[in-house]
Amino acid sequence: MKEIIRLILSLFFFVLSVGPIFAADVNLSVAASLKEVVTALSNDFAKKNTTVSFRRNLGGSGALAKQIENGAPCDVFFSANFEWVDYLKEKKIVDANAIAAFAFNELVFVGRPELKSGSLDDVVKLKKIAIGSPKNVPAGQYAMEAFKKANIDKKLKDKLVMAKDVRECLMYAERGEVDGAFVYKTDAGIMARNVKILFIMPQELYPRITYIVALTVTGAKKNEAAAFFKFMQSARAKKVLSKYGFAVK
Amino acid sequence: MKLSMGIHKQFGAFQLDADFDLEGNRIGLFGPSGSGKSTLMGVLAGLHRPDQGVILLDGETIFDSRNGMNLAVPHRRIGMVFQRPHLFPHMSVKRNLLYGYRRCPQQNRTIKLDSLISVLQLGQLLNRGVGNLSGGERQRVAIGRAVLSNPRLLIMDEPLSGLDDNLKYQIIPFLKNACEVFGIPYLFISHSLIETRIMTEKVLTLDRGQITGLMTVEELARIHMGDHAANYINLLKLRRPHRIHGLPVYKWGDQQLLISAGDDQPEALFELSSSEIILCKRHPEAISARNLLNCRVSDVFETGGRLGVELECGREHLIAEIVRQSAEDLGIKKGIKIYAAIKATAFRRLG
Amino acid sequence: MLSFTPADYSAILLSVKVATTATVLSLPFGFAVAYLMTFHKFRGRIVLDGIVNLPLTLPPVVVGYLLLLLLGRHGWIGRTILQPLGLELIFTWKAAVIATAVVGFPLMVRSMRIGMEMIDRGLIQASRTLGAGWLDTVITVILPLSLRGIIAGSVLMFARGLGEFGATIIVAGNIPGVTQTIPLAIYEYVSSPGGDFMAIALCSVSITISVAVLIFHEWIGRRTGRVV
Chain V
896 MKEIIRLILS
906 LFFFVLSVGP
916 IFAADVNLSV
926 AASLKEVVTA
936 LSNDFAKKNT
946 TVSFRRNLGG
956 SGALAKQIEN
966 GAPCDVFFSA
976 NFEWVDYLKE
986 KKIVDANAIA
996 AFAFNELVFV
1006 GRPELKSGSL
1016 DDVVKLKKIA
1026 IGSPKNVPAG
1036 QYAMEAFKKA
1046 NIDKKLKDKL
1056 VMAKDVRECL
1066 MYAERGEVDG
1076 AFVYKTDAGI
1086 MARNVKILFI
1096 MPQELYPRIT
1106 YIVALTVTGA
1116 KKNEAAAFFK
1126 FMQSARAKKV
1136 LSKYGFAVK
Chain S
713 MKLSMGIHKQ
723 FGAFQLDADF
733 DLEGNRIGLF
743 GPSGSGKSTL
753 MGVLAGLHRP
763 DQGVILLDGE
773 TIFDSRNGMN
783 LAVPHRRIGM
793 VFQRPHLFPH
803 MSVKRNLLYG
813 YRRCPQQNRT
823 IKLDSLISVL
833 QLGQLLNRGV
843 GNLSGGERQR
853 VAIGRAVLSN
863 PRLLIMDEPL
873 SGLDDNLKYQ
883 IIPFLKNACE
893 VFGIPYLFIS
903 HSLIETRIMT
913 EKVLTLDRGQ
923 ITGLMTVEEL
933 ARIHMGDHAA
943 NYINLLKLRR
953 PHRIHGLPVY
963 KWGDQQLLIS
973 AGDDQPEALF
983 ELSSSEIILC
993 KRHPEAISAR
1003 NLLNCRVSDV
1013 FETGGRLGVE
1023 LECGREHLIA
1033 EIVRQSAEDL
1043 GIKKGIKIYA
1053 AIKATAFRRL
1063 G
Chain G
6 MLSFTPADYS
16 AILLSVKVAT
26 TATVLSLPFG
36 FAVAYLMTFH
46 KFRGRIVLDG
56 IVNLPLTLPP
66 VVVGYLLLLL
76 LGRHGWIGRT
86 ILQPLGLELI
96 FTWKAAVIAT
106 AVVGFPLMVR
116 SMRIGMEMID
126 RGLIQASRTL
136 GAGWLDTVIT
146 VILPLSLRGI
156 IAGSVLMFAR
166 GLGEFGATII
176 VAGNIPGVTQ
186 TIPLAIYEYV
196 SSPGGDFMAI
206 ALCSVSITIS
216 VAVLIFHEWI
226 GRRTGRVV
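Protein chains in written order, with the numbering used here: chain V, 896 to 1144; chain S, 713 to 1063; chain G, 6 to 233.
Any given hint might turn out to be false.
Among the chain S residues that face chain G by a calculated CB cut under 7 Å, a handful are [claimed, not checked]:
| # | residue |
| --- | --- |
| 1 | F723 |
| 2 | A757 |
| 3 | V785 |
| 4 | P786 |
| 5 | M792 |
| 6 | H798 |
| 7 | H802 |
| 8 | Y811 |
| 9 | G812 |
| 10 | R815 |
| 11 | L838 |
| 12 | S861 |
Bear in mind the hints are in silico, worked out from the structure with no lab data behind them. Just so you know, even glycine gets a beta-carbon here, dropped at the ideal spot from N, CA and C.
The shape of chain V in the complex, shown without the other chains (with noise of 0.2 Å):
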């Protein structure tokens, strides 16, 4: 009797503690910009790996790096920029070893078809113009950089409408509420009829928009997690975020 007892408790701990392995939950926090395409990416891993499931959370690069900071789970960040990263490498919540940039991107600016706005200079004379907030979105750094260099950005006082993520830009834009929007070239994608890309921003005006992927300590511990990094930057990704409109190289 004492026996059966004692092999039925051993097994139970046992369970308990090689939990993980079964219930392979993997966290993502996910830059807005990236929800297809990471969404399509973790669905294609997770059918070759049947044991993990993915959770994932949306949003402006900072805004998730803060959540991260402050306890959020979170096992892979992506992120739109490298400052954000760097930013939770220092508190020790990303690992070091494991960063790695796998896409580039380009900032656009769309509106609706009849606006005649083909460059910055246009931009000017419009009535509302919606940007990522540049506080914690990197999508709009990148726009209020660019127009620091070109001199308009005193011009554009009053008219920038901060949106929390380049997703809520586009929206904007779709419902008319803004006559434009800056936003990634990707999104192009999945915009809706009524909005076209007005003009590509000149590249010289900004730095290269690059996405970084990145394990957090928590997440180099689980297997999975480790796995799916290293998927991220396999070619079999890489033919995926070129079908959705990301340049690799």
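Based on these hints, arrange chains S and G on the given structure of chain V.
For chains S and G alone, coordinates are given in the frame of chain V:
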């Protein structure tokens, strides 16, 4: 003032029906609490709307349910003095007084502030805040305010009920005076018979929402005496007192009355209950009562099981009451001469 | 080093401006509604009560979205009235004022009603019999006597307005210098790494203003208490 009302109003279980025509300047509305007096007057003033009916005041239709005519309260020019003064707390006494006056069209402003102040003796109170007045002062200001709005009719809804006796009889002269001096007809509502007798000449009686009669105030007093097995209260307004052996004496008709409760004021109001008058067929030579009046019996009437005896003394009248047995024993009937003995202490001073 | 950027100063000024404007604009409507609800019985009274109190029970974001649907380019009022007149309300400070006014309206009406209900009806009857028409009575009797409730309602709405976020961000957006009020500015700082210090600084400003408003309310309450 001429008033014609024929109205019906239902509130829940209570029904008010009034159908009467009256004429006069000092009219009373008398009835027990809850009989609908305030509601009836509220209907007249326009504060309540009857379910159906017609109201004519001095020949002008102010309400007619048949054609939707309903003259708004401010246009009826019917002033009201309520049970509680309802003075505006955020205005001084003077502003309160002038509230109605200012809203009265120029051509109707016959009563002016100065004359009102002297009649109601409000001079001292003018610049005080309303919160610094005593109960009596408040009611005087309320009366003044209503009078100063130059109404064509003043309704007084139990204006004396919140006051103690002393105060009541102080205010009554102000009430009467104000209306007499300024010629304002009034409707005086009360459940007190004495107040109604002092203030009015004709009375409309009301009970449980129905008009029960229209009569002189004298008739009401007699009926009341009978219905309620109450005494008849003789009201005597006496003047010019002087003193005999230190006791106040007043002139009354062609005789004199010794009244212990009297004083040296030029005028006073006394009440004397009918039960305090002792009738003697012969002059009682040795009697302690200081008042022995020579009267003639002008009427004998049944009242609630007793007999009321109306006495005529010169031009004055008193009503005494006796039991039937006494009347038979003494052979008291109309026309005979009789003596009325009244103690000096039997008179109660009212004001 | 505490230094507010020009955008921060704008946020503070804008918050006060929006809250004040919303309060002042709502006063006549709030008074009218409170008066009707207190002194008149009419059919549909319950419906009006429900509509007025709705913003109190709805999440502000829902209120904001409903306003957006109503006043936006494709909204019912937007299409029929605003577009033809060339008026743009969405994403302007006017929208912030409207959002604040709608959200704070039930609070104002509630306070005013409490003040009005305390007025002795006998005073109103007296004023009518003295020759005052209904508007005259409202201005000379009801208004002065409900002053306390009016002030309490205004202060409450102003304070609520200073903190308005949900409806404002939907219908007025986050435009620094134009619609970015203190709460929106704080939200931006809070979601930015390294923004905690500024967030706390702005919070302190917000608290200071609120305390000042409450002290003012107490003071006014004492003063009007004396007169009445």
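**Q.** Hint numbers not upheld by this structure, sorted from lowest to highest
**A.** 1 and 11
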